[in-house]
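Participant: Given next are the chains, with one letter for each unit.
There are 2 protein chains.
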Amino acid sequence: MNKDLVKDLGFRTLGTRLKRIADKMSHSARDMYKKLGMDIEPNWYLVLTLVKENDAVSIVEIARYLGFAHQSIVSMTNKMIKRGYLLSSKDENDLRRTVVRLTPKSEEILPEIEKIWNHGEEVIAELLDNNQELLKHLDVMEHRLNESSFGDRILGKL
Amino acid sequence: MNKDLVKDLGFRTLGTRLKRIADKMSHSARDMYKKLGMDIEPNWYLVLTLVKENDAVSIVEIARYLGFAHQSIVSMTNKMIKRGYLLSSKDENDLRRTVVRLTPKSEEILPEIEKIWNHGEEVIAELLDNNQELLKHLDVMEHRLNESSFGDRILGKL
DNA sequence: TAAATTTACGCAGTTAACTACGTAAATTGT
DNA sequence: ACAATTTACGTAGTTAACTGCGTAAATTTA
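Quick mapping for you: the protein sequence lines, in order, are chains A and B. As numbered in the numbering used here, residues 140 to 297 make up the first sequence, in order. As numbered in the numbering used here, residues 140 to 297 make up the second sequence, in order.
It is worth saying that the hints were derived from the structure and are not from the lab. Since no wrong hints were added, every one of them can be taken at face value.
Same chains, same names: a pair is fine if it fits in one copy or spans any two.
The calculated PhoX-like cross-link candidates involving lysine-lysine, where the alpha carbons are at most 20 angstroms apart (straight line), are: (1) K221 <-> K173; (2) K244 <-> K254; (3) K158 <-> K275; (4) K244 <-> K221; (5) K254 <-> K296; (6) K296 <-> K174; (7) K191 <-> K254; (8) K173 <-> K296; (9) K229 <-> K191; (10) K229 <-> K218.
All chains, full assembly: derive it from the sequences and hints.
Facilitator: Here is the structure:
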């Protein structure tokens, strides 16, 4: 059998390859926190820095700015609340909005987390040889896929 | 709040962005098959072409050539067997090996699936402006992350 | 030839994203 | 001012990848 079938499939495996790389990074970040003895999950960092810089932020705002579906943020912040890293309350002026803020516990660990992610950014930059091209391609891809989905683009060709 | 926080976070959101793009592609490919009235899941294509070109292939071989964990292939091929797209049997010369082969049903639809994925490849090429750079970066990233994981690289800097 | 190791498989459980759908509050239009 | 629409949130369920672990067959080694 052809040893390089994956590469022969070229663009066709893009989806799964992206997913696998993402999974690997997330899994290994989780391990890292464990090794450091920190009770933190990988993407909490994104939420924590966002909340820190804005005092109190709503679920949907977080989702919008980080690009996640709001439901993902709900389950993420629920875990963070349970473990004491966020406080949640209703916005007084708009009772639909749930806003979260940092706790003393999260304020205490934030500097350490920021330090870790400064290195994380360096690591990623090194993995990509400091080349911004990939990020630009991702921007373009995301934008185009929002205009018309992958499947719809294929259907358009049939 | 800064509207472009995601981009400001730059490299730091790489992992989640990769995952979200991958999810989007997979989801939308699933939709596409549904719209076409085909009882097929997105990654089956990869397995089917591999099996087609090699007559009978084992689980671990498939995993190795496509770059998946073997357990993922087990669950994938199990579904395909259930729905009549693969036949499985034990290798006579090595009873540990489970080999799969195409059924008449899968041989019948393969041409259609291949047609779809020829277009799929075009679509991806267009999304990336026919630039191979991104794939090369992925190769490099995968290779480097296999040598030393993302988390370990961060730990090395602390 | 028997013990130790490696290989192939499969089950169970975890993960982080998603969609679908429902409810309640706020806003808009008539 | 009230009906219709939009917005914000939350619950439930799905997905495709993963790890961990156990078993059985094959291969290697002493």
